[in-house]
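Undergrad: As a plain string of letters, each chain reads:
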Amino acid sequence: MSRAGSILRIDLTSQEATRVPTAFYVSDYIGGAAIATKILTDEVPPEATALDPRNLLTFNAGPLTGTLLGNKCEVMARAPEVTNHPIGCAGMGGQFPSEMKFAGYDNIVIGGKADQPVYLFVHDDEIEIRDAKHLWGLDTAETQVRIKKECKDPDVQIACIGPAGENLNVYALILHDIQNTAGKRGFGAVMGSKNLKAIAIRGSKGLRVADPEGFLALWKENWEYYTQGHGALWARLFHREGWSRQIADFGKHLDVYPWGYFDTYIHPPLTRETEMGEFLRKHKIGSIGCAFCPVQCQQNYRVPGIGNGGATCIMYESYRFFIKSDDTRLWWKLSRAANLHGIDIIDISNITGWLMLMYEKGILTAADADGIPMEWGSEKAAMTVLEKIAKREGFGELFANGLVPAAKAMVGGKGLEWVHHDLNQLPSPSGAPMDVTIAGVGSLQLWRSAPSYIWTSPPHVDFHGTYPWMAEELGMDLEEIRKTLEAWCDDQSEKYTGHRGAWRPEAVEGKAALLKMIECDFIACDLTGHCDYQTERLPHMGTRGGLELFSKWLTAATGTKYTPEKLLEVIHRKRMLELCYYLMCERLVGEEIVPSPRFHWFTPRPDGHFKGKFWASDLEGSIKAGTEYSELWGVDPNTGVPRRDTLERLGLQEMAARLEAVLNRS
Amino acid sequence: MKRIVLDYTKCTGCRTCEAICSFVNEKGEFNPMKSRIRVVRTVEDQVLRSLPVFCLQCEEAYCMAVCPASAITASDAGARVVNEDKCIGCKLCEIACPIGAISVDSDKRVAIKCSLCDGDPNCVKYCFTGALQYLPAERVGKARARQKADKFLEILQKGAA
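Sequence lines, in order, name chains S and X. Take 875 as the starting number for the first sequence in the numbering used here and just add one per residue. Take 162 as the starting number for the second sequence in the numbering used here and just add one per residue.
Calculated directly from the structure, the hints in this document are not laboratory data. Where a beta carbon is used, it is the ideal one built from N, C-alpha and C, also for glycine. Incorrect hints may appear among the rest.
Stated by the list, open to error - Facing chain X, from chain S, some residues (calculated, C-beta under 7 Å):
#1 Gly1080
#2 Gly1183
#3 Ser1425
What the hints assert, rightly or not - Which chain S residues stay away from chain X? Per the calculated CB distances, all over 10 Å, these:
#4 Tyr899
#5 Pro1028
#6 Arg1082
#7 Pro1142
#8 Thr1148
#9 Ile1159
#10 Ala1165
#11 Arg1176
#12 Gly1236
#13 Gly1268
#14 Met1350
#15 Glu1383
#16 Glu1439
#17 Leu1462
#18 Val1463
#19 Ala1535
Looking at chain S on its own, in the form it has when it is part of the complex (with noise of 0.2 Å):
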């Protein structure tokens, strides 16, 4: 029930489709990235790169993806090497999810390599892999609409690349629809790897849930709360606004967003013309989103001159303060032309503030990116980086693998000490500073192996960034709305912690338990296909979600009886997994972490929020939430690897064995 209940399997190199009843892996891993993980630990071979044909691509919907409550699915593969997570995973919203299902599928996995450019048209069951050669170097958009024409329907959902995936750039992304991506990760590459150029998908079938009743009224519950209760204050405000307010007020209120690559945090004041909010007033001609989703998070742009297309999240902050450029035509004109490149806004706004950042330096000259000055807010030289790196002309050459890589080979290394990345070295988004506390506990082993949450910020960011705007609509003063949003997050602590204020950037106490919290509702999410930003992280923004709310929606849809204890022992299963495959590959492929040297990055305003104070120096209290993360999930806080009652109790002998193997044999 509510599960389409096969598995699509194709191999590009054969050209052969088969299907494999979802039934099979249900009991111990429920769906979506579950199921998945299973796979791919099981399946792609720990010494195989990332671009290798035995490597994997998965589209993975969950039990709830196609029903009222669930709109994406997660995309995973073994990730390019540069992200230093063997299994990464991105997830991507919009119609194509939700037409998966509908087409019969909970998952599909592509294996192997075609021998010329392809894509894949899914209509039901009838399966095809037809020529592509004439797609190859189209962008994003053009891809579609060719398919779209040649497939005779309209209503086909696509997920396609661009030149950088052709082009095996490893911050290519997959793209769907104007603005749904598969973006951190480099998956782009992954199917570029395979000559697979896009997946078109069609479904006529249907659905069902184990208890209608009881699943439409979890389902009231939940559309009343993003329509009419608090929600709907987050889901117009934050979202279908655009960010524009939060944005607004960033250089009046906050010390969260750098100006420039990291090197400072004063913005220069805000205009009628370089507010976002004015941009959105002149252009936005919708709201657009996900299937079902009363939040439709993304913004519909018609920009004469430029060009049309959609944003959303952080796309908003990327280019606008990485290359010091307040222009928002400018930052319109990058942001369309990375979307349309099909590589990942953060990534490609990163290198560029970097690149720049070394040009005013001295340590890199017009020569060193062929000729072209990287002065800050320059659209040639930002330009130039987007379609150099895309396309692997030039320079461009060098980041292919990455900025890391990049940052070595260029004039011998000496800009690598100013690269901004996070744990799995994938370039920083611009906000978002990470909670010091977490950055402790991810300097640890167990981190390492973590899904793609690094970036998420704990409560206090978001919690920052939303107060002002909050107050305004609430008609609160400041130091009102500050209290009433500190006591919810507060409360939320408690809740799951025991320790009021373990979402603060200072605690330690209960820190440990709030990391895994957040990452058992995002991992929740993953499995079942709820969306990610609807989770309880940030309660203070009016989101909801949690174990228990996901136990409920699961029973209903599935009539399956699942509890909070049940789904955080698969969602154990699955974090172990993929531990346990770090630890493989890192074994035997010598993959190893790099903190960055300015991970630590977040050095506040002397005049903001955190009063200049740099809460990073707490190492001691850093390690003791590091230590108590690892024992929460059972896993040796010294050597970071899973005692092996863990995953004996968890049904992973298999998984224990092939591991003690490979370290026995290191």
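Given the coordinates of chain S, work out where chain X should sit on it, guided by the hints.
TA: Coordinates of chain X only, in the frame set by chain S:
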């Protein structure tokens, strides 16, 4: 008598109306193909155009007129409804409908169309943007006029400020 009114400028193409329609009318099944309301989504030059297509409950309903089995009748709520027991699945109604709001279900082999959910249409109830509304017939014209006038006044006020 009430009718469903559309303000297409407010539609985000989220398809909640499709999902809830099939869920309610097909007793717990999510299937856009079986929804009585169909959201036509078209992306052209990176712009999404979406338009929910639903039965307008024609005064002179061609579907009803052409039905050889007299399976379509008028309900108290003002809807043209299909009696599935009488329907012979001939598809004449599909051909006759001027906007494609009635179709023959590929599983049940009978015509399916909007029944206004017995006077409480779920598509309207859960359209969070207000693109779909259920209004008394006599108020539809005025409601549309008010909507446009409000917009006009807002623009004028902005200009004055």
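Undergrad: Hint by hint, where does the structure go against what was stated? Just the numbers, ascending.
TA: Violated hints: 3, 5, 6, 9, 10, 11; rest satisfied.
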